[in-house]
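Student: Make a model of the complete structure from these sequences and hints.
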Amino acid sequence: MTTRILTGITTTGTPHLGNYAGAIRPAIVASRQSDADSFYFLADYHALIKCDDPLRIQRSRLEIAATWLAAGLDVERVTFYRQSDIPEIPELTWLLTCVAGKGLLNRAHAYKASVDKNVEAGEDPDAGITMGLFSYPVLMAADILMFNAHQVPVGRDQIQHVEMARDIGQRFNHLFGNGKEFFVMPEALIEESVATLPGLDGRKMSKSYDNTVPLFTSAKDMKEAISRIVTDSRLPGEAKDPDTSHLFTLYQAFASKEQGDEFRADLLQGLGWGDAKQRLFQLLDAELGEARENYHRLIERPTDLEDILQAGAEKARRVATPFLGELREAVGLRSFRTAAQTVTTAKKKASKGARFVSFREDDGSFRFRLLAADGEQLLLSRHFADGKAAGAVTKALQQGGELDIRPEGDAFTLWLNDACVADSPAFADATARDAAIESLKLALAPAPQQD
1 MTTRILTGIT TTGTPHLGNY AGAIRPAIVA SRQSDADSFY FLADYHALIK
51 CDDPLRIQRS RLEIAATWLA AGLDVERVTF YRQSDIPEIP ELTWLLTCVA
101 GKGLLNRAHA YKASVDKNVE AGEDPDAGIT MGLFSYPVLM AADILMFNAH
151 QVPVGRDQIQ HVEMARDIGQ RFNHLFGNGK EFFVMPEALI EESVATLPGL
201 DGRKMSKSYD NTVPLFTSAK DMKEAISRIV TDSRLPGEAK DPDTSHLFTL
251 YQAFASKEQG DEFRADLLQG LGWGDAKQRL FQLLDAELGE ARENYHRLIE
301 RPTDLEDILQ AGAEKARRVA TPFLGELREA VGLRSFRTAA QTVTTAKKKA
351 SKGARFVSFR EDDGSFRFRL LAADGEQLLL SRHFADGKAA GAVTKALQQG
401 GELDIRPEGD AFTLWLNDAC VADSPAFADA TARDAAIESL KLALAPAPQQ
451 D
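Heads up, the sequence shown is in full-length UniProt numbering, so the first residue is 1 and it goes up one at a time.
Hints were generated in silico from the structure; no laboratory data involved. Bear in mind that the values here come from a model prediction, so they are computed numbers and not experimental data. Where is the CB? At the ideal position from N, CA and C, for every residue including glycine. Treat the hints with care, as some may be off.
What the hints assert, rightly or not - Capping the alpha-carbon separation at 35 Å, the derived lysine-lysine pairs in DSBU-like fashion look like this:
1) K395 x K441
2) K220 x K257
3) K207 x K257
4) K277 x K207
5) K257 x K112
6) K223 x K277
7) K277 x K180
8) K204 x K277
9) K102 x K315
10) K223 x K102
11) K223 x K50
12) K395 x K207
13) K50 x K207
14) K204 x K112
15) K388 x K441
16) K207 x K117
17) K180 x K117
18) K223 x K207
19) K117 x K257
20) K257 x K277
21) K117 x K204
22) K220 x K180
23) K220 x K102
24) K50 x K102
25) K112 x K220
26) K257 x K223
27) K102 x K180
28) K204 x K180
29) K207 x K220
30) K102 x K112
31) K223 x K204
32) K441 x K50
33) K277 x K50
34) K117 x K102
35) K220 x K395
To be verified - Simulated restraints, written as ranges between beta carbons of each label pair:
36) G375 x H174: 37 to 45 Å
37) G237 x C51: 45 to 53 Å
38) P214 x D307: 23 to 31 Å
39) D124 x C98: 49 to 57 Å
40) R171 x E408: 20 to 28 Å
Tutor: Here it is in structure tokens:
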């Protein structure tokens, strides 16, 4: 079975070690598996929620695209695209917004954190909060559900968004699926050892905290950044605790098991922090040196990057465009030509010959069904006290004449002499109901006279 994997990075800054270890590297490794169908994208619509600097966003899109490719992403094996090049995504976002509960979005971590910050400062709870921030989980749900991803590699702080995508997708399936599951239910994929890397100050490495180690900066700048990692005051020769050391966590994310075990032992035996930082720099420089050179070559060729992304968008839209067409049909945004074809098809079915089927219920009452030629039930009668009364109604209907059909929601009733004699089944929507009414009229129309 093929597993579809999807992940993206928000284009608001220069890629850093946390992006690489927590998302890019494991995603590229996963994409090489024979049973993987991978979708990776630049989340530039998400960037608009966090950043109002157009130049920064544009620069970040270039840097992150180059980073994926320099790190070894094979665009022939995967679908690699910019979120903003897929117009189906914002349209799906709106369809999902119409079924997403406000109460669900109220519980989103980012929104709650902003509200708490406002309340603590004595401000209105929603001061400065945009609908972009509030609706962020719906856009992320559209990213995931558009391509029916089975697995979404994320950091622990993003698990909630994958769970919300499941909730929203289930709600859409329930309302519009009519037995069909449009969306598969995604699972968050966490690589335990590098799910969230610490930054220079020990907090989560994040552009928001300005505590990152840039991924493809020069060797000199990387060494300088590593020198600023916060450590405790223990001197060389004093034992260090690897389990509380942010430096060790970073080292372990890039080291082999043997290297990690050796580094742990050396810290316990008193390795100085300066020497430990030098060891971390050497480890990172060895892993990233070649990729760094590739990255800078790509940055200097933006038109080549644009061609790659446009090819990826075309590939992604071959999936997105027909799927969104199905979803539009499901919610009732159909072409009038489609509706006309539905009525025509129903008429053709009915013209082949409908039939009445009489039967007796366990309670002794008599009823009848009107079945189309293909066996589809058009009507189910009310209960009659005796078979003679039921037969009289079927005879009257077979004789033709003006039918008293009364639509009721997505169904309809049939009346005779001001009495309701039969009900239709519930249809998917009013269009299907109206098509069935046309089928009924045709089925009960008098046969044409022969010359």
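Student: Now tell me, hint by hint, if it's right for this structure.
Tutor: Hints, one by one, checked against the model:
A distance of roughly 15 Å separates the Cα atoms of K395 and K441; the hinted pair therefore holds under the 35 Å criterion. In summary, the hint linking K220 to K257 is supported, as the alpha carbons are separated by about 27 Å, within the 35 Å threshold. Only pairs whose Cα atoms come within 35 Å are accepted, and K207 paired with K257 is accepted, the gap being roughly 29 Å. For the proposed pair K277 and K207, the alpha carbon gap of about 22 Å is at most 35 Å, so the pair holds.
Taken as a hint, the K257 and K112 pair is broken in the structure, with Cα atoms around 39 Å apart against an allowance of 35 Å. Of the supplied pair hints, the one linking K223 and K277 holds, its CA atoms being roughly 8 Å apart against a limit of 35 Å. Between the alpha carbons of K277 and K180 the distance comes to roughly 56 Å, so the proposed pair goes past 35 Å and is violated. For the given pair, K204 sits about 19 Å from K277 by alpha-carbon distance, which is consistent with the 35 Å threshold.
For the proposed pair K102 and K315, the alpha carbon gap of about 34 Å is at most 35 Å, so the pair holds. About 47 Å separates the Cα atoms of K223 and K102, which puts this hinted pair outside 35 Å; it is violated. Proposed proximity of K223 and K50 is supported: the alpha carbons are some 29 Å apart, at most 35 Å. Restraint check: the Cα-Cα separation between K395 and K207 comes to about 78 Å, which exceeds 35 Å; the hinted pair is violated.
Between the alpha carbons of K50 and K207 the distance comes to roughly 11 Å, so the proposed pair stays at or under 35 Å and holds. This hinted pair checks out: K204 and K112 have alpha carbons roughly 19 Å apart, not beyond 35 Å. Using a Cα cut-off of 35 Å, the hinted pair K388 and K441 holds, with the two alpha carbons roughly 24 Å apart. Our distance criterion of 35 Å between C-alpha atoms is met by K207 and K117, whose separation comes to about 19 Å.
At most 35 Å may separate the alpha-carbon atoms for a hinted pair to count; K180 and K117 exceed this at roughly 43 Å. Distance hint between K223 and K207 is fulfilled; the C-alpha atoms sit about 19 Å from each other, no more than 35 Å. Only pairs whose Cα atoms come within 35 Å are accepted, and K117 paired with K257 is rejected, the gap being roughly 41 Å. Our distance criterion of 35 Å between C-alpha atoms is met by K257 and K277, whose separation comes to about 18 Å.
Note on K117 and K204: the hinted pairing holds, with a Cα-Cα distance of about 19 Å set against a maximum of 35 Å. Taking the CA atoms of K220 and K180, the gap is about 57 Å. The hint is violated against a cut of 35 Å. Distance check on the hinted pair: K220 and K102 sit about 49 Å apart at the alpha-carbon level, beyond 35 Å; violated. For the given pair, K50 sits about 21 Å from K102 by alpha-carbon distance, which is consistent with the 35 Å threshold.
Between K112 and K220 the CA atoms are separated by roughly 40 Å; this puts the pair beyond 35 Å, and the hint is violated. Between K257 and K223, the direct Cα distance comes to roughly 23 Å. Compliance with the 35 Å bound is thereby established for this hinted pair. A distance of roughly 25 Å separates the Cα atoms of K102 and K180; the hinted pair therefore holds under the 35 Å criterion. A threshold of 35 Å between alpha carbons decides the hint, and for K204 with K180 the separation of about 41 Å lies outside it, so the pair is violated.
Among the hinted pairs, K207 with K220 is consistent with the structure: their alpha-carbon atoms are about 20 Å apart, no more than 35 Å. Taking the CA atoms of K102 and K112, the gap is near 13 Å; set against the 35 Å cutoff, the hint holds. Of the supplied pair hints, the one linking K223 and K204 holds, its CA atoms being roughly 20 Å apart against a limit of 35 Å. Distance hint between K441 and K50 is unfulfilled; the C-alpha atoms sit about 58 Å from each other, more than 35 Å.
In summary, the hint linking K277 to K50 is supported, as the alpha carbons are separated by about 32 Å, within the 35 Å threshold. For the hint linking K117 to K102, the alpha-carbon distance of about 20 Å falls within 35 Å, and the restraint holds. Annotation: proposed proximity of K220 to K395 is violated, straight-line Cα distance about 95 Å (limit 35 Å). Range check, G375 to H174: about 28 Å between beta-carbon atoms, so the 37 to 45 Å window is missed.
Between G237 and C51 the beta carbons are some 46 Å apart, a value that agrees with the proposed interval 45 to 53 Å. Roughly 26 Å separates the CB atoms of P214 and D307, a value that falls within the hinted 23 to 31 Å. At about 27 Å, the CB distance of D124 to C98 disagrees with the hint of 49 to 57 Å. The hinted window of 20 to 28 Å between R171 and E408 holds, with their beta carbons roughly 26 Å apart.
Comparing the model with each numbered hint stated earlier shows that hints 5, 7, 10, 12, 17, 19, 22, 23, 25, 28, 32, 35, 36 and 39 do not hold.
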